[in-house]
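**Student:** Sequence:
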Amino acid sequence: MWGLFFLALTVVATSSAQQQYYNRYDNVNADSIVQNERVLLAYYKCVMDKGPCTKDGRNFKRVLPETLSTACGRCSPKQKAIVRTLLLGIRAKSEPRFNELLDKYDPDRSNRDDLYKFLVTGN
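Just so we're aligned: the sequence shown equals residues -17 to -1, 1 to 106 in mature numbering (1 follows the signal peptide of the UniProt record, and there is no 0).
Hint data in this document are derived by calculation from the structure and do not stem from the laboratory. Just so you know, these numbers come straight off a predicted model, no measurement behind them. Mixed in with the good hints, there may be bad ones.
Stated by the list, open to error - Below, a list of computed lysine to aspartate or glutamate pairs in the DMTMM-like style, where the Cα atoms sit at most 25 angstroms apart:
hint: 1; residue 1: 61; residue 2: 32
hint: 2; residue 1: 33; residue 2: 9
hint: 3; residue 1: 100; residue 2: 89
hint: 4; residue 1: 28; residue 2: 39
hint: 5; residue 1: 63; residue 2: 83
hint: 6; residue 1: 33; residue 2: 86
hint: 7; residue 1: 76; residue 2: 96
hint: 8; residue 1: 38; residue 2: 83
hint: 9; residue 1: 33; residue 2: 20
Whole structure, please, built from the sequences with the hints as guidance.
**Tutor:** In structure tokens:
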């Protein structure tokens, strides 16, 4: 399930870089992904350089900076909903890990306000 999450984020960020959208993962069940803490922790460790990465984890790690720095700015509405659900799920499971993730990928906090606004409003 988390593999689909990270594939969805990969598609979103790759689409952003190409300025076009792909909808292959638009029907990912983000809620069920958030419920699997074992997989969530494995991906967290991957993106934080604290554990091994799967192919999906490496792809997610590659696109995460752009996704966070733009607050999913180039995402389609469905993709925004998926990314928002997943980020809020990570935050709900562990606020310290969520903050550590943000600090790693937005160390100067240049986009923190926009990211929090996105998490609250979905826009």
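**Student:** What are the numbers of the hints the structure violates, in ascending order?
**Tutor:** The structure breaks hints 1, 2; every other hint is satisfied.
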